[in-house]
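The primary structure of each chain is shown beneath.
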Amino acid sequence: MKILVCISHVPDTTTKIKFVNNNTAFDATGVQWIVNPWDELALTRALDIKDAQPGAIESITVINVGLSDTEPTIRKALAIGADKGIRINTEPKDDYIIVTQLAEVIKKENFDVIFCGIESCDFNGSSVGGMLSEMLNIPSVSAVSYFDIENGKVNLKREIDGGHEVVATQTPFVAIVQKGICKEPRIPSMRGIMGARTKPLQVVEPVPAEPLVEFVNYEYPKPKAACRKIDPENAKELITLLHNEAKVI
Amino acid sequence: MNFEFTEEQKMIQQAAKDFAERELLPGIIERDEKGEFAKDQMKKLAELGFLGMMTDPKYGGGGMDTISYVLAMEEISKIDSAAAVVMSVCNSLVNWGLETYGSEAQKQKYLVPLGKGEKIGAFLLSEPEAGSDATSQRTTAEDKGDYYLLNGTKNWITNANCASTYLVIAQTHPEKKHKGINALIVEKNWPGITLGPHENKMGMRSSDTHSVMFNDVKVPKANRIGEDGFGFTFAMKTLDGGRIGIAAQALGIASGAFERAVKYAKERKAFGTEIANHQAIAFKLADMAVKIENARLLCLKSAWLKDSHQPYGFESAMAKQYCADIAMEVTTEAVQIHGGYGYVREYHVERLMREAKLTQIYEGTSEVQKIVISRTILKD
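Just so you know, the protein sequences line up as chains A and B, in that order.
With the first letter of the first sequence counted as 1, position 28 gets the number 28 in the numbering used here; the numbers rise by one all the way through.
Basically the numbering used here = 1-based index in the second sequence + 1000.
Since the hints were made in silico from the structure, they are not lab data.
Some clues are possibly wrong.
Claimed, not checked - Restraint ranges, calculated between C-beta atoms of paired labels, are given here:
#1 A:Arg228 - B:Glu1021: 34 to 40 Å
#2 A:Pro208 - B:Thr1273: 54 to 60 Å
#3 B:Ile1029 - A:Asp122: 34 to 40 Å
#4 A:Thr13 - B:Leu1195: 41 to 47 Å
To be verified - The calculated SDA-like cross-link candidates involving lysine to any residue, where the alpha carbons are at most 25 Å apart (straight line), are:
#5 B:Lys1058 - A:Ile187
#6 B:Lys1221 - B:Ala1105
#7 B:Lys1010 - A:Cys121
#8 A:Lys229 - B:Ile1275
#9 B:Lys1266 - A:Asp12
#10 A:Lys16 - B:Lys1269
#11 B:Lys1043 - A:Arg191
#12 B:Lys1043 - A:Gln53
#13 B:Lys1017 - A:Gly195
#14 A:Lys222 - B:Lys1269
#15 A:Lys183 - B:Pro1026
#16 A:Lys199 - B:Asp1065
#17 B:Lys1039 - A:Ser189
#18 A:Lys183 - B:Ile1028
#19 B:Lys1269 - A:Thr14
Ideal Cβ placement from N, Cα and C applies to all residues, glycine included.
Just chain A, same shape as in the assembly (with noise of 0.2 Å):
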C-alpha cells in the first residue's frame, strides 16, 4: 500500500500572533515552523504499520504546497522516518490553491490512502481534505480515529457523538484525521535526522490556479474583560451588574 500524507507548515502552536501592514499579513519574525500536528498524527500513525507490519505499507510520501521556506518541515517529516518528500513550489494564498495543486500531483501517482489532518493549527480551514476528494473524485472518510490495515484491507474507525463509527471504504481514498489516530507524534530519532538529507525531496511546479478567496485583514480577539469581584455578601450588586452591565440575565 503506498501512502501519501499531506503535510502543512505552521508555527508552533505557542507562537504569539501578530501582525503586520495594517494587519493584513502574519508577522513570521521568529516564528519556528512545525509540521500540523494533525499531519503529524497520521504520518506517525503510517510509520507504525509500517514498522509493526512490514510488507503492509509499501512507501510513505509526504507533500507540501509552498515555498523553499517550508522545507526544514518536510524535512523533519523524513527525519521521523518518512521515505520522501514532494514541495509543490508555489505560495499557498487559500485552501483552493493547495487543493489544485496538490490534486495535480496525486493524479499521476497512485496512492492508496492519502492522509490529510483534518484541520490545520493555522488557519483552521478544515476543508482541505473535503475538497481534494471531491476534485479527486475518490471517497473521503472524515474525523478518522482509528486506522489499520489487516490482509491488505483498511479498517477505519471514525468519532461520532458518544461513540464510533465503523466505515469501510474503497482505495484509494482521503483519510480526514483526527485527534486519536495514535497517541503522540514521533521524535527523529538521531539516525533518522541525518538520514532526512539524503532521502530524495522532490520540487514541483505548480499549475496555473487562482485563489477563490481573498485574506481581506485580521482582527485580534476583544481582550478580556478585567476580573471584578463583588463581596460574597453583596449577591444583590452581583445580579444588578448581570443584569444591566453584562446583560446576560
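Position chain B against the provided structure of chain A, taking the given hints into account.
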C-alpha cells in the same frame, strides 16, 4: 563567523527539547526524591540515539558534531540533568575514548553496542583518595603476562550499575608514577566486581552513582587501550572533551532555571504589579541572561574547535568552569526570584540549584579548571 545553526542542529535541539518535556519532566520530582534511576526513559533516550549521537555511524552512532551534542545536552539538562549525565558519560568519555584510542577489535566488540545505545558505559577514574589529583591512582592493574589483575576501589562512578562496559584507569607501574597508568576495558559482570550502595546525593539524585570495588579481577591484555602506560594521557585527553559535555549540562541547568524564573516573574504579583516590573527583579533577570549567553558562547566555541580538529583543552576548561559557576549563580537567583515557592520541590528551581552544585565539582572542579587555564596562559 557564522552563528547560524544548520537545519540538522536545529532539529536535534528540538528533538531533545521534545523528549525532555514529554518523557523526562513527568515524575522528575518523585525520581529526585527517591533517588530513582529513570530506567525506562533512558531506554527511550538510547533508542533515539542520544547516547551515541557523536559516535561514528560505522560504529553504530549518529555521527553528529559536538555543536549538536551541546544543543541536545542543554535541552535535556534544562529538565533532567541526571539523564543528561548519562548522555555525557556515554558520548564524551566512554564512546569518544574508545573511538579515538581503541583498537579496531575493541571498537567492534565494545563500541558498536555502545554507539547503538544497546549498552551503557561508565568511566572509572575517581578514587576515595584520588579525585582531582588523578596521578595518585591506588587501584592497581598488576601485569600477569596474559592478563592484568585489577584490585582497588573507584568512587562516585556515574552509570556504575546501569553500565555494562567500564573504562577503568589503574596503576600498573607505580615507580613510573602517572606514566605507569593504564586504561582497561572491563565488563561489569566479570567475577570480582562489587558495587557499593547507591550514593545518597544532594542533587542529581536519580543518577546512578556508586562506588565500584575490584577484587582480583582478571582483565585480558587485549582490553588495554593504547600502549602500556598510556592510561593517564588517555584519561586527560578524554576529560578535555568531557568538559564540553558538563559545560553544556551546567548551561542547561542555568537556562532551565532562568526560563522558569522569567515565567514566574511575569505571573507573580507584588505591590500591585508583576514582580518582573520591579527593577530589583528585572535587573536580576538581565544579569542572568548575560551570564547564560556568555556561557553558551564559550560552550559552543569549544565545541566548534573540537569539530574543526583544533586544540580545545584550554577553551573547554574555560567553558566548564564558567558554565558551572554561573549555573550556581543563576539557579540561586532563580530560587530568590521565586521566594518561598523557590524553596519547595514543586517549582523545580531548588532542584536545579542542587544539581548546579555538582557541575562545579565533577569532571574536574572549578579550581582544577583554573589550574588548566592558568597553566596554559603562563606556559610560555
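_Indices of hints not satisfied (ascending)_ = none
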